[in-house]
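S.K.: Sequence:
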Amino acid sequence: MAADVDKTPAGEPKDDHDEDRATPSSRCARSRFKQFSSLFLIAAVPFIGFCIKYYQDIQLVKRHEAGLKALGADGLFFFSSLDIDHDLYLSPEEFKPIAEKLTGAAPPPEFEEEIPHDPNGETLTLHAKMQPLLLESMTKSKDGFLGVSHSSLSGLRFWKRPAILSSTFYARQFKVFLPPSGKSALGDTWWIIPSELNIFTGYLPNNRYHPPTPRGKEVLIHSMLSMFHPRPFVKSRFAPQGAVACIRAASDFYYDIVFRIHAEFQLNDVPDFPFWFTPGQFAGNIILSKDASHVREFHLYVPNDKSLNVDMEWLYGASESSNMEVDIGYLPQMELRAEGPSTPSVIYDEQGNMIDSRGEGGEPIQFMFEEIVWSAEMSREEASRHLEVTMYPFKKVPYLPFNEAFSRADTEKKLVHSILLWGALDDQSCSGRTLRETVLESSPVLALLNQSFISSWSLVKELEDLGKPPKSELYHAARLHLEKYTFPVEMTVALPNGTVVHHINANHFLDQTSMKPEEEEGPAISFSAGFEDPSTSTYIHFLQEGLEKARPYLES
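Residue numbers (full-length UniProt numbering): 1 to 556.
Everything labelled a hint here was simulated from the structure, so no lab data went into it.
One should not assume that every hint holds.
[To be verified] In the EDC-like style, the derived pairs of lysine to aspartate or glutamate whose C-alpha atoms are separated by at most 20 Å in a straight line are:
no., residue 1, residue 2
1, Lys-484, Asp-511
2, Lys-395, Glu-437
3, Lys-183, Glu-377
4, Lys-142, Glu-377
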(Lines of atoms letter the chains of each structure in order from A; the text may use other names.)
(Lines give C-alpha, C1' and ligand atoms only; values in the text may rest on other atoms or scores of the structure.)
Protein backbone atom coordinates (compact mmCIF):
# COMPACT_ATOMS: atom_id res chain seq x y z
CA MET A 1 0.00 0.00 0.00
CA ALA A 2 2.85 2.34 0.78
CA ALA A 3 3.99 2.10 -2.79
CA ASP A 4 0.75 3.66 -3.97
CA VAL A 5 1.20 6.83 -1.90
CA ASP A 6 2.38 9.95 -3.80
CA LYS A 7 5.47 11.01 -1.92
CA THR A 8 6.34 14.00 -4.11
CA PRO A 9 6.97 16.99 -1.82
CA ALA A 10 4.44 19.82 -2.06
CA GLY A 11 5.34 22.53 -4.56
CA GLU A 12 7.54 20.26 -6.71
CA PRO A 13 6.48 19.19 -10.22
CA LYS A 14 5.40 15.65 -10.61
CA ASP A 15 7.57 13.23 -12.50
CA ASP A 16 6.93 13.09 -16.27
CA HIS A 17 6.21 9.44 -15.93
CA ASP A 18 3.00 10.25 -14.03
CA GLU A 19 1.31 10.60 -17.41
CA ASP A 20 2.32 7.06 -18.22
CA ARG A 21 0.77 5.87 -14.94
CA ALA A 22 -2.64 7.38 -15.89
CA THR A 23 -5.38 4.84 -16.48
CA PRO A 24 -6.23 3.98 -20.11
CA SER A 25 -9.74 5.38 -19.70
CA SER A 26 -8.45 8.75 -18.52
CA ARG A 27 -5.91 8.93 -21.35
CA CYS A 28 -8.63 8.11 -23.89
CA ALA A 29 -10.96 10.78 -22.46
CA ARG A 30 -8.18 13.37 -22.53
CA SER A 31 -7.35 12.50 -26.17
CA ARG A 32 -10.98 12.75 -27.21
CA PHE A 33 -11.24 16.13 -25.50
CA LYS A 34 -8.21 17.42 -27.40
CA GLN A 35 -9.60 16.15 -30.71
CA PHE A 36 -12.97 17.70 -29.99
CA SER A 37 -11.35 21.03 -29.09
CA SER A 38 -9.31 21.03 -32.30
CA LEU A 39 -12.33 20.20 -34.44
CA PHE A 40 -14.36 22.88 -32.67
CA LEU A 41 -11.70 25.51 -33.34
CA ILE A 42 -11.37 24.47 -37.01
CA ALA A 43 -15.12 24.65 -37.48
CA ALA A 44 -15.39 27.91 -35.58
CA VAL A 45 -12.91 29.83 -37.78
CA PRO A 46 -15.02 29.84 -40.99
CA PHE A 47 -18.17 30.37 -38.93
CA ILE A 48 -16.65 33.42 -37.26
CA GLY A 49 -15.44 34.65 -40.66
CA PHE A 50 -18.93 34.16 -42.06
CA CYS A 51 -20.43 36.10 -39.17
CA ILE A 52 -17.98 38.98 -39.66
CA LYS A 53 -18.67 39.05 -43.41
CA TYR A 54 -22.42 38.88 -42.77
CA TYR A 55 -22.19 41.78 -40.32
CA GLN A 56 -20.11 43.83 -42.78
CA ASP A 57 -22.59 43.15 -45.58
CA ILE A 58 -25.51 44.18 -43.36
CA GLN A 59 -23.72 47.41 -42.47
CA LEU A 60 -22.94 48.04 -46.15
CA VAL A 61 -26.58 47.55 -47.11
CA LYS A 62 -27.64 49.93 -44.35
CA ARG A 63 -25.15 52.55 -45.50
CA HIS A 64 -26.34 52.10 -49.09
CA GLU A 65 -29.98 52.59 -48.03
CA ALA A 66 -29.03 55.62 -45.95
CA GLY A 67 -27.06 57.06 -48.88
CA LEU A 68 -29.94 56.47 -51.27
CA LYS A 69 -32.33 58.16 -48.86
CA ALA A 70 -30.06 61.14 -48.29
CA LEU A 71 -28.75 61.65 -51.82
CA GLY A 72 -31.26 60.04 -54.15
CA ALA A 73 -30.29 57.73 -57.02
CA ASP A 74 -28.39 60.35 -59.03
CA GLY A 75 -26.55 61.69 -56.00
CA LEU A 76 -25.56 58.19 -54.90
CA PHE A 77 -24.28 57.51 -58.41
CA PHE A 78 -21.93 60.49 -58.27
CA PHE A 79 -20.88 59.53 -54.74
CA SER A 80 -20.10 55.97 -55.91
CA SER A 81 -18.00 57.27 -58.81
CA LEU A 82 -15.64 58.76 -56.20
CA ASP A 83 -15.85 55.81 -53.79
CA ILE A 84 -13.01 53.77 -55.31
CA ASP A 85 -13.03 50.96 -52.70
CA HIS A 86 -16.88 50.84 -52.60
CA ASP A 87 -17.08 51.00 -48.80
CA LEU A 88 -19.54 53.95 -48.93
CA TYR A 89 -17.05 56.18 -47.14
CA LEU A 90 -14.95 58.85 -48.85
CA SER A 91 -11.33 59.00 -47.76
CA PRO A 92 -9.37 62.24 -48.23
CA GLU A 93 -7.72 60.68 -51.29
CA GLU A 94 -11.11 59.80 -52.79
CA PHE A 95 -12.50 63.27 -52.02
CA LYS A 96 -9.49 65.00 -53.61
CA PRO A 97 -11.05 65.44 -57.12
CA ILE A 98 -14.00 67.32 -55.60
CA ALA A 99 -11.73 69.45 -53.43
CA GLU A 100 -9.62 70.35 -56.45
CA LYS A 101 -12.73 71.24 -58.45
CA LEU A 102 -14.19 73.43 -55.65
CA THR A 103 -10.95 75.21 -54.77
CA GLY A 104 -9.64 75.44 -58.31
CA ALA A 105 -6.17 74.44 -57.12
CA ALA A 106 -4.74 71.02 -57.76
CA PRO A 107 -1.70 69.85 -55.78
CA PRO A 108 1.19 68.45 -57.81
CA PRO A 109 0.39 64.84 -58.75
CA GLU A 110 2.17 62.20 -56.71
CA PHE A 111 3.49 60.13 -59.60
CA GLU A 112 5.64 57.12 -59.00
CA GLU A 113 8.45 58.02 -61.36
CA GLU A 114 10.55 55.09 -62.49
CA ILE A 115 13.22 57.17 -64.28
CA PRO A 116 15.04 59.84 -62.24
CA HIS A 117 15.33 63.20 -63.98
CA ASP A 118 18.80 64.30 -65.03
CA PRO A 119 18.91 68.11 -64.88
CA ASN A 120 21.92 68.08 -67.21
CA GLY A 121 20.41 65.53 -69.56
CA GLU A 122 18.78 66.10 -72.91
CA THR A 123 15.20 67.29 -73.26
CA LEU A 124 12.59 66.66 -75.93
CA THR A 125 9.68 68.96 -76.81
CA LEU A 126 6.45 67.43 -78.09
CA HIS A 127 3.74 69.33 -79.94
CA ALA A 128 0.10 68.25 -79.91
CA LYS A 129 -2.28 68.60 -82.86
CA MET A 130 -5.93 67.69 -83.01
CA GLN A 131 -8.98 68.11 -85.20
CA PRO A 132 -12.24 67.43 -83.32
CA LEU A 133 -14.42 64.43 -84.06
CA LEU A 134 -16.77 64.97 -87.00
CA LEU A 135 -20.21 64.90 -85.40
CA GLU A 136 -21.80 64.18 -88.77
CA SER A 137 -19.87 60.87 -88.89
CA MET A 138 -21.84 59.57 -85.88
CA THR A 139 -24.85 57.36 -86.55
CA LYS A 140 -26.96 59.47 -84.18
CA SER A 141 -26.40 62.50 -86.41
CA LYS A 142 -28.61 61.00 -89.15
CA ASP A 143 -31.73 61.78 -87.12
CA GLY A 144 -30.38 65.01 -85.62
CA PHE A 145 -29.30 63.31 -82.38
CA LEU A 146 -32.93 62.67 -81.56
CA GLY A 147 -33.30 61.46 -77.99
CA VAL A 148 -29.70 62.34 -77.07
CA SER A 149 -29.60 64.88 -74.26
CA HIS A 150 -27.44 67.97 -74.77
CA SER A 151 -25.60 67.36 -71.50
CA SER A 152 -24.51 63.88 -72.64
CA LEU A 153 -22.54 65.29 -75.55
CA SER A 154 -21.33 68.46 -73.80
CA GLY A 155 -17.80 67.15 -73.22
CA LEU A 156 -17.54 66.03 -76.83
CA ARG A 157 -18.96 69.23 -78.34
CA PHE A 158 -16.62 71.51 -76.39
CA TRP A 159 -13.44 69.46 -76.98
CA LYS A 160 -12.05 71.32 -79.97
CA ARG A 161 -8.29 71.47 -79.34
CA PRO A 162 -5.52 69.88 -77.25
CA ALA A 163 -5.43 70.75 -73.58
CA ILE A 164 -1.66 71.44 -73.82
CA LEU A 165 -0.13 72.48 -77.15
CA SER A 166 3.49 71.67 -76.26
CA SER A 167 5.35 70.07 -73.40
CA THR A 168 8.98 69.26 -72.66
CA PHE A 169 10.20 65.91 -71.34
CA TYR A 170 13.57 64.52 -70.32
CA ALA A 171 14.98 62.14 -72.91
CA ARG A 172 15.64 59.51 -70.25
CA GLN A 173 11.92 59.35 -69.45
CA PHE A 174 11.54 57.55 -72.78
CA LYS A 175 13.57 54.67 -71.41
CA VAL A 176 10.18 53.00 -70.81
CA PHE A 177 10.13 52.21 -74.56
CA LEU A 178 13.42 50.27 -74.50
CA PRO A 179 13.20 46.47 -74.80
CA PRO A 180 13.67 44.33 -71.70
CA SER A 181 16.46 41.79 -71.42
CA GLY A 182 16.11 39.02 -74.00
CA LYS A 183 14.00 41.09 -76.43
CA SER A 184 16.65 42.62 -78.68
CA ALA A 185 15.88 40.87 -82.00
CA LEU A 186 13.86 42.37 -84.84
CA GLY A 187 10.17 41.52 -84.50
CA ASP A 188 10.43 40.77 -80.78
CA THR A 189 7.43 42.22 -78.95
CA TRP A 190 6.99 43.06 -75.28
CA TRP A 191 4.42 44.71 -73.05
CA ILE A 192 5.28 48.20 -71.85
CA ILE A 193 2.03 48.20 -69.85
CA PRO A 194 0.58 44.69 -69.58
CA SER A 195 -3.09 44.03 -70.21
CA GLU A 196 -4.81 42.82 -67.04
CA LEU A 197 -8.17 41.94 -68.59
CA ASN A 198 -9.46 39.00 -70.60
CA ILE A 199 -12.76 37.31 -71.42
CA PHE A 200 -12.88 35.81 -67.91
CA THR A 201 -12.10 38.97 -65.91
CA GLY A 202 -14.71 41.05 -67.76
CA TYR A 203 -14.24 44.79 -68.03
CA LEU A 204 -13.67 47.79 -65.76
CA PRO A 205 -16.58 49.92 -64.45
CA ASN A 206 -18.19 52.57 -66.64
CA ASN A 207 -19.33 54.91 -63.85
CA ARG A 208 -16.00 56.67 -63.30
CA TYR A 209 -14.82 60.21 -63.94
CA HIS A 210 -11.23 60.41 -62.75
CA PRO A 211 -8.39 58.08 -63.73
CA PRO A 212 -6.33 56.28 -61.09
CA THR A 213 -2.89 57.66 -60.26
CA PRO A 214 -0.45 56.35 -62.88
CA ARG A 215 2.40 54.18 -61.67
CA GLY A 216 5.80 53.29 -63.08
CA LYS A 217 5.81 53.16 -66.87
CA GLU A 218 2.26 54.51 -66.98
CA VAL A 219 3.49 57.95 -65.87
CA LEU A 220 5.06 59.02 -69.16
CA ILE A 221 2.16 57.75 -71.27
CA HIS A 222 -0.36 59.43 -68.95
CA SER A 223 1.58 62.71 -69.20
CA MET A 224 1.64 62.57 -72.98
CA LEU A 225 -2.05 61.70 -73.34
CA SER A 226 -2.88 64.51 -70.88
CA MET A 227 -1.72 66.92 -73.58
CA PHE A 228 -4.92 66.04 -75.46
CA HIS A 229 -7.36 65.94 -72.53
CA PRO A 230 -6.97 66.22 -68.73
CA ARG A 231 -8.65 62.86 -68.01
CA PRO A 232 -6.88 60.06 -69.89
CA PHE A 233 -7.28 56.48 -68.70
CA VAL A 234 -4.03 54.69 -69.56
CA LYS A 235 -5.74 51.33 -69.02
CA SER A 236 -8.92 51.04 -71.05
CA ARG A 237 -12.09 49.39 -69.75
CA PHE A 238 -11.97 46.58 -72.28
CA ALA A 239 -9.28 44.08 -73.23
CA PRO A 240 -6.69 44.22 -74.56
CA GLN A 241 -5.44 47.06 -72.40
CA GLY A 242 -2.04 48.64 -72.10
CA ALA A 243 0.81 49.18 -74.50
CA VAL A 244 2.96 46.84 -76.56
CA ALA A 245 6.17 47.55 -78.50
CA CYS A 246 8.37 45.95 -81.16
CA ILE A 247 11.85 46.59 -82.59
CA ARG A 248 11.55 47.66 -86.23
CA ALA A 249 15.20 48.51 -86.84
CA ALA A 250 18.52 48.44 -84.99
CA SER A 251 22.00 49.94 -85.40
CA ASP A 252 25.06 49.90 -83.17
CA PHE A 253 23.68 52.72 -81.02
CA TYR A 254 19.97 53.15 -81.86
CA TYR A 255 16.63 51.37 -81.97
CA ASP A 256 13.59 52.26 -84.04
CA ILE A 257 10.70 50.98 -81.93
CA VAL A 258 7.07 50.92 -83.03
CA PHE A 259 4.39 50.82 -80.36
CA ARG A 260 0.64 50.56 -79.91
CA ILE A 261 -1.34 51.92 -76.96
CA HIS A 262 -4.95 51.21 -75.97
CA ALA A 263 -6.19 54.08 -73.82
CA GLU A 264 -9.31 56.24 -73.60
CA PHE A 265 -10.63 59.55 -72.26
CA GLN A 266 -13.47 60.52 -69.95
CA LEU A 267 -14.94 63.68 -71.48
CA ASN A 268 -17.70 64.50 -68.97
CA ASP A 269 -17.50 65.58 -65.37
CA VAL A 270 -20.03 65.92 -62.54
CA PRO A 271 -22.97 66.63 -62.78
CA ASP A 272 -23.16 65.08 -66.28
CA PHE A 273 -23.07 61.32 -66.66
CA PRO A 274 -19.84 59.70 -67.92
CA PHE A 275 -18.98 59.87 -71.62
CA TRP A 276 -16.19 57.52 -72.79
CA PHE A 277 -14.15 58.46 -75.86
CA THR A 278 -12.12 55.45 -77.05
CA PRO A 279 -9.84 55.83 -80.10
CA GLY A 280 -9.29 52.60 -82.01
CA GLN A 281 -5.62 52.77 -81.00
CA PHE A 282 -2.68 55.08 -80.52
CA ALA A 283 0.11 54.04 -82.89
CA GLY A 284 3.59 55.46 -83.17
CA ASN A 285 7.32 55.03 -83.23
CA ILE A 286 10.38 56.30 -81.42
CA ILE A 287 14.02 56.33 -82.49
CA LEU A 288 16.23 56.49 -79.41
CA SER A 289 19.73 55.56 -78.29
CA LYS A 290 20.17 52.25 -76.53
CA ASP A 291 21.01 54.03 -73.27
CA ALA A 292 17.99 56.40 -73.66
CA SER A 293 20.22 59.46 -73.38
CA HIS A 294 19.08 60.74 -76.79
CA VAL A 295 15.79 60.64 -78.70
CA ARG A 296 16.08 61.23 -82.44
CA GLU A 297 12.38 61.02 -83.41
CA PHE A 298 9.02 60.55 -81.70
CA HIS A 299 5.53 60.32 -83.18
CA LEU A 300 2.26 59.19 -81.58
CA TYR A 301 -1.09 59.36 -83.40
CA VAL A 302 -4.58 57.93 -83.82
CA PRO A 303 -4.69 56.23 -87.26
CA ASN A 304 -7.21 57.94 -89.55
CA ASP A 305 -7.08 55.55 -92.52
CA LYS A 306 -10.46 53.98 -91.68
CA SER A 307 -13.80 55.69 -92.20
CA LEU A 308 -14.61 55.26 -88.48
CA ASN A 309 -11.94 55.18 -85.79
CA VAL A 310 -13.44 56.16 -82.41
CA ASP A 311 -15.92 54.34 -80.17
CA MET A 312 -18.12 56.44 -77.86
CA GLU A 313 -20.25 55.24 -74.96
CA TRP A 314 -22.27 57.29 -72.48
CA LEU A 315 -24.51 56.44 -69.55
CA TYR A 316 -28.11 57.55 -69.08
CA GLY A 317 -28.56 56.63 -65.45
CA ALA A 318 -27.17 56.57 -61.96
CA SER A 319 -25.71 53.06 -61.77
CA GLU A 320 -23.44 50.65 -63.59
CA SER A 321 -26.51 48.84 -64.93
CA SER A 322 -28.09 52.01 -66.34
CA ASN A 323 -28.89 52.32 -70.02
CA MET A 324 -25.89 53.07 -72.19
CA GLU A 325 -25.80 54.66 -75.62
CA VAL A 326 -23.13 53.56 -78.07
CA ASP A 327 -21.94 55.25 -81.25
CA ILE A 328 -18.90 55.42 -83.48
CA GLY A 329 -17.35 58.29 -85.38
CA TYR A 330 -14.39 59.66 -87.28
CA LEU A 331 -11.52 61.65 -85.75
CA PRO A 332 -9.46 63.35 -88.48
CA GLN A 333 -6.37 64.07 -86.38
CA MET A 334 -4.90 63.45 -82.94
CA GLU A 335 -1.12 63.31 -82.76
CA LEU A 336 2.03 64.19 -80.83
CA ARG A 337 5.26 64.83 -82.68
CA ALA A 338 8.73 65.86 -81.53
CA GLU A 339 9.81 69.21 -82.93
CA GLY A 340 13.27 67.72 -83.44
CA PRO A 341 15.85 65.49 -81.74
CA SER A 342 16.41 65.85 -78.01
CA THR A 343 19.13 68.34 -77.08
CA PRO A 344 21.12 69.14 -73.94
CA SER A 345 20.60 72.40 -72.10
CA VAL A 346 24.33 72.81 -71.44
CA ILE A 347 27.43 71.82 -73.47
CA TYR A 348 30.83 71.33 -71.83
CA ASP A 349 34.26 71.03 -73.42
CA GLU A 350 36.74 68.28 -72.63
CA GLN A 351 37.99 70.21 -69.61
CA GLY A 352 34.49 70.52 -68.17
CA ASN A 353 34.04 74.18 -69.05
CA MET A 354 30.62 75.31 -70.25
CA ILE A 355 30.78 76.46 -73.86
CA ASP A 356 27.06 76.88 -74.66
CA SER A 357 23.75 76.77 -72.85
CA ARG A 358 20.08 77.37 -73.32
CA GLY A 359 18.45 79.81 -70.96
CA GLU A 360 14.96 79.58 -69.54
CA GLY A 361 12.57 79.69 -72.49
CA GLY A 362 15.47 80.24 -74.89
CA GLU A 363 16.10 78.72 -78.29
CA PRO A 364 17.49 75.18 -78.31
CA ILE A 365 21.17 74.66 -78.99
CA GLN A 366 21.75 73.92 -82.66
CA PHE A 367 23.31 70.57 -83.57
CA MET A 368 24.21 68.63 -86.68
CA PHE A 369 23.20 64.98 -86.20
CA GLU A 370 24.78 62.09 -88.04
CA GLU A 371 22.64 59.90 -90.24
CA ILE A 372 21.67 56.61 -88.66
CA VAL A 373 22.65 53.55 -90.69
CA TRP A 374 20.47 50.57 -89.74
CA SER A 375 22.26 47.23 -89.60
CA ALA A 376 18.95 45.35 -89.58
CA GLU A 377 15.38 46.46 -90.24
CA MET A 378 11.90 45.38 -91.29
CA SER A 379 9.02 47.28 -92.84
CA ARG A 380 6.70 49.33 -90.67
CA GLU A 381 3.77 47.16 -91.85
CA GLU A 382 5.49 43.95 -90.76
CA ALA A 383 6.37 45.39 -87.35
CA SER A 384 2.79 46.59 -86.89
CA ARG A 385 1.56 43.09 -87.68
CA HIS A 386 3.73 41.72 -84.85
CA LEU A 387 2.01 44.19 -82.51
CA GLU A 388 -1.42 43.14 -83.78
CA VAL A 389 -0.79 39.44 -83.19
CA THR A 390 0.51 40.15 -79.68
CA MET A 391 -2.62 42.10 -78.77
CA TYR A 392 -5.05 40.04 -80.84
CA PRO A 393 -4.09 36.34 -81.18
CA PHE A 394 -6.90 35.87 -83.73
CA LYS A 395 -4.70 37.84 -86.18
CA LYS A 396 -2.45 34.77 -86.49
CA VAL A 397 -4.75 34.25 -89.46
CA PRO A 398 -4.24 37.08 -91.99
CA TYR A 399 -7.38 39.21 -92.51
CA LEU A 400 -7.18 40.82 -95.94
CA PRO A 401 -9.07 43.87 -97.24
CA PHE A 402 -12.37 43.06 -98.96
CA ASN A 403 -11.03 43.45 -102.50
CA GLU A 404 -7.82 41.47 -101.86
CA ALA A 405 -9.67 38.64 -100.12
CA PHE A 406 -11.80 37.70 -103.15
CA SER A 407 -8.86 37.98 -105.52
CA ARG A 408 -6.75 35.71 -103.31
CA ALA A 409 -9.61 33.25 -102.86
CA ASP A 410 -9.99 32.96 -106.62
CA THR A 411 -6.26 32.29 -107.02
CA GLU A 412 -6.06 29.71 -104.20
CA LYS A 413 -9.47 28.14 -104.90
CA LYS A 414 -10.72 28.79 -101.37
CA LEU A 415 -13.82 30.30 -99.82
CA VAL A 416 -13.93 33.74 -98.20
CA HIS A 417 -14.64 33.88 -94.46
CA SER A 418 -15.86 37.44 -94.04
CA ILE A 419 -16.94 39.42 -90.98
CA LEU A 420 -19.06 42.53 -91.53
CA LEU A 421 -19.42 44.86 -88.59
CA TRP A 422 -19.98 48.38 -87.35
CA GLY A 423 -16.49 49.07 -85.98
CA ALA A 424 -13.03 47.68 -86.72
CA LEU A 425 -12.43 44.10 -85.60
CA ASP A 426 -8.77 44.69 -84.74
CA ASP A 427 -8.90 47.83 -82.61
CA GLN A 428 -10.81 49.29 -79.66
CA SER A 429 -13.61 50.79 -81.78
CA CYS A 430 -14.81 47.22 -82.33
CA SER A 431 -18.34 45.89 -82.03
CA GLY A 432 -17.09 42.28 -82.09
CA ARG A 433 -15.12 42.08 -78.84
CA THR A 434 -16.65 38.80 -77.68
CA LEU A 435 -16.10 37.16 -81.06
CA ARG A 436 -12.41 38.02 -81.33
CA GLU A 437 -11.65 37.12 -77.69
CA THR A 438 -13.20 33.66 -77.90
CA VAL A 439 -13.82 31.63 -81.04
CA LEU A 440 -11.66 33.56 -83.52
CA GLU A 441 -8.52 32.97 -81.46
CA SER A 442 -9.20 29.31 -80.59
CA SER A 443 -6.73 26.83 -82.09
CA PRO A 444 -9.31 24.63 -83.93
CA VAL A 445 -10.89 27.67 -85.62
CA LEU A 446 -7.49 29.13 -86.53
CA ALA A 447 -6.47 25.79 -88.07
CA LEU A 448 -9.64 25.46 -90.16
CA LEU A 449 -9.48 29.08 -91.35
CA ASN A 450 -5.86 28.66 -92.41
CA GLN A 451 -6.61 25.43 -94.23
CA SER A 452 -9.80 26.22 -96.16
CA PHE A 453 -10.53 29.97 -96.13
CA ILE A 454 -9.26 33.43 -96.96
CA SER A 455 -10.38 35.70 -94.12
CA SER A 456 -11.50 39.31 -94.26
CA TRP A 457 -13.37 41.85 -92.17
CA SER A 458 -15.05 45.04 -93.37
CA LEU A 459 -16.88 48.05 -92.00
CA VAL A 460 -20.51 48.34 -93.08
CA LYS A 461 -19.86 51.94 -94.12
CA GLU A 462 -16.94 50.95 -96.34
CA LEU A 463 -19.05 48.41 -98.25
CA GLU A 464 -21.83 50.98 -98.58
CA ASP A 465 -19.33 53.43 -100.06
CA LEU A 466 -18.45 50.91 -102.79
CA GLY A 467 -21.90 51.58 -104.27
CA LYS A 468 -21.34 55.32 -104.63
CA PRO A 469 -20.43 56.69 -108.08
CA PRO A 470 -18.21 55.60 -109.64
CA LYS A 471 -19.25 52.14 -108.50
CA SER A 472 -16.45 49.74 -107.66
CA GLU A 473 -16.19 46.47 -109.57
CA LEU A 474 -16.64 44.83 -106.17
CA TYR A 475 -19.98 46.54 -105.59
CA HIS A 476 -21.86 43.35 -106.59
CA ALA A 477 -20.05 41.33 -103.90
CA ALA A 478 -20.48 44.17 -101.39
CA ARG A 479 -24.22 44.40 -102.10
CA LEU A 480 -24.64 40.63 -101.61
CA HIS A 481 -22.94 40.89 -98.22
CA LEU A 482 -24.92 43.95 -97.15
CA GLU A 483 -28.17 42.13 -97.97
CA LYS A 484 -27.25 39.50 -95.38
CA TYR A 485 -26.09 41.98 -92.75
CA THR A 486 -27.95 42.42 -89.47
CA PHE A 487 -26.67 44.67 -86.68
CA PRO A 488 -24.18 44.44 -85.02
CA VAL A 489 -21.96 41.73 -86.61
CA GLU A 490 -22.56 39.26 -89.43
CA MET A 491 -20.25 36.36 -90.25
CA THR A 492 -20.43 35.01 -93.81
CA VAL A 493 -18.97 32.30 -96.01
CA ALA A 494 -18.78 33.37 -99.67
CA LEU A 495 -17.57 32.09 -103.01
CA PRO A 496 -14.70 33.88 -104.79
CA ASN A 497 -17.32 35.62 -106.99
CA GLY A 498 -18.96 37.20 -103.92
CA THR A 499 -21.98 34.89 -103.64
CA VAL A 500 -22.83 34.34 -99.96
CA VAL A 501 -23.53 30.64 -99.34
CA HIS A 502 -23.86 30.77 -95.56
CA HIS A 503 -24.11 33.41 -92.85
CA ILE A 504 -24.93 33.85 -89.17
CA ASN A 505 -25.53 36.91 -87.00
CA ALA A 506 -23.31 37.36 -83.93
CA ASN A 507 -26.30 37.67 -81.58
CA HIS A 508 -27.85 34.47 -82.95
CA PHE A 509 -24.47 32.76 -82.66
CA LEU A 510 -24.10 33.81 -79.01
CA ASP A 511 -27.65 32.64 -78.29
CA GLN A 512 -26.77 29.24 -79.73
CA THR A 513 -23.62 28.89 -77.66
CA SER A 514 -25.44 29.88 -74.46
CA MET A 515 -28.13 27.18 -74.89
CA LYS A 516 -28.03 24.18 -72.62
CA PRO A 517 -27.48 20.81 -74.33
CA GLU A 518 -31.06 19.71 -73.65
CA GLU A 519 -32.37 22.90 -75.28
CA GLU A 520 -30.55 22.31 -78.54
CA GLU A 521 -32.46 20.92 -81.45
CA GLY A 522 -31.28 18.00 -83.54
CA PRO A 523 -28.46 15.56 -82.95
CA ALA A 524 -25.22 16.47 -81.28
CA ILE A 525 -22.39 17.67 -83.51
CA SER A 526 -20.20 14.62 -83.81
CA PHE A 527 -17.06 16.42 -84.98
CA SER A 528 -17.07 18.73 -81.98
CA ALA A 529 -16.77 15.97 -79.42
CA GLY A 530 -13.12 16.87 -78.88
CA PHE A 531 -13.86 20.54 -78.16
CA GLU A 532 -15.01 21.46 -74.70
CA ASP A 533 -15.88 25.06 -75.59
CA PRO A 534 -19.40 25.15 -77.10
CA SER A 535 -18.70 28.44 -78.90
CA THR A 536 -15.70 26.90 -80.66
CA SER A 537 -17.62 23.82 -81.76
CA THR A 538 -20.54 25.98 -82.94
CA TYR A 539 -18.25 28.15 -85.05
CA ILE A 540 -16.51 25.08 -86.47
CA HIS A 541 -19.97 23.77 -87.36
CA PHE A 542 -20.82 27.09 -89.06
CA LEU A 543 -17.64 27.01 -91.16
CA GLN A 544 -18.06 23.36 -92.13
CA GLU A 545 -21.68 23.98 -93.11
CA GLY A 546 -20.39 26.75 -95.38
CA LEU A 547 -17.90 24.37 -96.98
CA GLU A 548 -20.66 21.81 -97.54
CA LYS A 549 -23.05 24.36 -99.08
CA ALA A 550 -20.32 25.67 -101.38
CA ARG A 551 -19.38 22.22 -102.70
CA PRO A 552 -21.90 22.17 -105.61
CA TYR A 553 -20.60 25.56 -106.80
CA LEU A 554 -16.95 24.57 -106.50
CA GLU A 555 -17.46 21.24 -108.30
CA SER A 556 -19.44 22.72 -111.21
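S.K.: So, for every hint listed, does it hold in this structure?
M.R.: Evaluated hints:
1. Under the criterion of a C-alpha separation no larger than 20 Å, the hint pairing Lys-484 with Asp-511 is consistent with the structure, at around 18 Å.
2. Taking the CA atoms of Lys-395 and Glu-437, the gap is about 11 Å. The hint holds against a cut of 20 Å.
3. Among the hinted pairs, Lys-183 with Glu-377 is consistent with the structure: their alpha-carbon atoms are about 15 Å apart, no more than 20 Å.
4. In summary, the hint linking Lys-142 to Glu-377 is not supported, as the alpha carbons are separated by about 46 Å, beyond the 20 Å threshold.
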